[in-house]
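Each protein sequence line maps, in turn, to chains G and R. Numbered per numbering that gives the first Met the number 0, the first sequence spans residues 0 to 226. Numbered per numbering that gives the first Met the number 0, the second sequence spans residues 0 to 313.
For the record, the hints were derived by calculation from the structure and aren't laboratory data. Where is the CB? At the ideal position from N, CA and C, for every residue including glycine. Take these hints with a grain of salt, some might be off.
[Unchecked claim] Here are the simulated DSSO-like cross-link-like pairs (lysine-lysine), alpha carbons at most 27 Å apart as the crow flies:
1. 148/R to 21/G
2. 10/G to 229/R
3. 10/G to 269/R
4. 30/R to 17/G
5. 200/G to 148/R
6. 211/G to 200/G
7. 229/R to 99/G
[As the list claims (entries may be wrong)] Residues of chain R clear of chain G, computed beta-carbon distances all greater than 10 Å:
8. 110
9. 232
10. 268
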Amino acid sequence: MEAQPDVVRSKPADVFSKIQKKFDQEQETREAIRAAVKELEQTARELLTSLQGVHQCTKDRIPELCTQVEPYFDKVKSHLSTIQSLLPPNTYYKYYDHWKFVMQRLCFLCSLQVYLKSGDLATQHNVADMLGVHLKPEDGFHLEVEDYLLGLLNLASELSRLAVNSVILGNFKQPFEISEFVSNLSGGFRLLNLKNDSLRKKFDALKYDLKKIEEVVYDISIRGLHS
Amino acid sequence: MNCEEKSLKEAQGHTPELKEDVFELFSSFQKQLDAKYDKHERLVKLSRDCTIQSKRIIFLLHRIPTSDLEETDKEMSSCSNQFNDLISEADQKLQNVAVILKKIAVELQNDDPERFHTAYTNGVQEFIEALSFYVFQKERRLISLEEAKKWLEMNVHETDGNITKEESGLDHEERETKLGLDQQEEKTEELVLLTIPFPLSDIDYLLGVADLTGELMRLSINAAGSGNWKLPYSILEFMRELYCCFLRLRPYISKIVSRKVTTLRESLFKIENVCYRIKVRGSEVPQHMLVDEENSKNSPSYIQEVTENFDAEN
Numbered sequence: 000m001e002a003q004p005d006v007v008r009s010k011p012a013d014v015f016s017k018i019q020k021k022f023d024q025e026q027e028t029r030e031a032i033r034a035a036v037k038e039l040e041q042t043a044r045e046l047l048t049s050l051q052g053v054h055q056c057t058k059d060r061i062p063e064l065c066t067q068v069e070p071y072f073d074k075v076k077s078h079l080s081t082i083q084s085l086l087p088p089n090t091y092y093k094y095y096d097h098w099k100f101v102m103q104r105l106c107f108l109c110s111l112q113v114y115l116k117s118g119d120l121a122t123q124h125n126v127a128d129m130l131g132v133h134l135k136p137e138d139g140f141h142l143e144v145e146d147y148l149l150g151l152l153n154l155a156s157e158l159s160r161l162a163v164n165s166v167i168l169g170n171f172k173q174p175f176e177i178s179e180f181v182s183n184l185s186g187g188f189r190l191l192n193l194k195n196d197s198l199r200k201k202f203d204a205l206k207y208d209l210k211k212i213e214e215v216v217y218d219i220s221i222r223g224l225h226s
Numbered sequence: 000m001n002c003e004e005k006s007l008k009e010a011q012g013h014t015p016e017l018k019e020d021v022f023e024l025f026s027s028f029q030k031q032l033d034a035k036y037d038k039h040e041r042l043v044k045l046s047r048d049c050t051i052q053s054k055r056i057i058f059l060l061h062r063i064p065t066s067d068l069e070e071t072d073k074e075m076s077s078c079s080n081q082f083n084d085l086i087s088e089a090d091q092k093l094q095n096v097a098v099i100l101k102k103i104a105v106e107l108q109n110d111d112p113e114r115f116h117t118a119y120t121n122g123v124q125e126f127i128e129a130l131s132f133y134v135f136q137k138e139r140r141l142i143s144l145e146e147a148k149k150w151l152e153m154n155v156h157e158t159d160g161n162i163t164k165e166e167s168g169l170d171h172e173e174r175e176t177k178l179g180l181d182q183q184e185e186k187t188e189e190l191v192l193l194t195i196p197f198p199l200s201d202i203d204y205l206l207g208v209a210d211l212t213g214e215l216m217r218l219s220i221n222a223a224g225s226g227n228w229k230l231p232y233s234i235l236e237f238m239r240e241l242y243c244c245f246l247r248l249r250p251y252i253s254k255i256v257s258r259k260v261t262t263l264r265e266s267l268f269k270i271e272n273v274c275y276r277i278k279v280r281g282s283e284v285p286q287h288m289l290v291d292e293e294n295s296k297n298s299p300s301y302i303q304e305v306t307e308n309f310d311a312e313n
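Take these sequences, add in the hints, and give me the full structure.
Written as structure tokens, this is what we have:
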């Protein structure tokens, strides 16, 4: 290594205090993000609580429930845009852990809303639009694929519960629809090459959801309750 | 239809309940996830190469004989040829590691480096440990973060960076297009790739320097063992300065840093012990016997203990 006359040979204490300053700035950003994420989490919680109503909702009342929760989605959008504004450019992954879990929950809630409204599978595109975020890292604050997929797996669990509860309400058609939907979902997931991470573990649990739904379908079919 | 598309179609055939649109959707997820995991793996491999080579550089630097080293900068440059040979060999090897880091930088060029940080952080830390140890052996001081960054940029320009098409991390289609370019353009392409700066983070620098203190502890023990009693005192002073720097850091920066500071403290105590023994024993024991006394540190059981600690840390 040649001598570098233009580089000032700083003392260790100076090097470290410079580093500390950078972290101090970062810490301020983190505190702000944490506060904003707390707000987002609260709204997500309220949204989840409201949507729980679907388990005791007759089929004709479902569209009403969906309309009722729309304002929460708007609130979520505005919280997310606040968080986006707090981020220095190109630092999504630095602070990602702060919102990772709430994003997974929001993906679940979005896909549930879409299912209840139209019986369709919400695409990553749909969910990103509902949340007001981008799809790709290059475009800015985006929806990470794994968070979206984890949301779908949570949806499968919720729907397996809904299959049971719709029978309680006397809706014998819904379990069949749910069965088809979740089978499709499961087929899609089997195309993925997953690593041994939380996504893989959650995917492994999907078969139990499927089993639960199949049992409901079987119980109905064998007694001819659906005709 | 290539291999992957064929197997996807087969998968669809095996799962008749799979609707076309769901199939399309998840096929694209498969591609996205595969690409992400593959990149992660490539980075892990590069990082491992980096770690292995850096560790060898550290062993090389330990082979610098401590018996005839003086503590002042002036006398250092005029000492044995062995010192100069080992130092320049280490320099060369560090430059080779810098090329590997360059390859990592090339992989990361279109991404946020933080996204894959866990994949390559160990390699970088090991490199910083080796680089800072090199600078310490040569100039008895700590390399700063800025200097480390500059060193990386400077040295890669000087190397004959032969990054092959596979190693540049370009994906299949990009590679095929590149092969269509003529030789001249290829050379320019490679040189352009070399100018991508490596994103050296503050954390990796701190962690690497924390690991350096372990090597300094070993250096001081070896020095005392070979009869050099001035060097442990210099190292002690240097270590105390570093310890204070680390203590001043606020703990929220990183849990890992806090953990390493505990190890640093223990290394510091060991060095203080060495200096204590030199001071105490030096006054009552004839010189040649003290050398033998310190050399008992080369006894199998002591080396075992040191090695076990080393393995536990790594």
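Hints the structure violates: just list their numbers, smallest first. 4, 5, 7, 8
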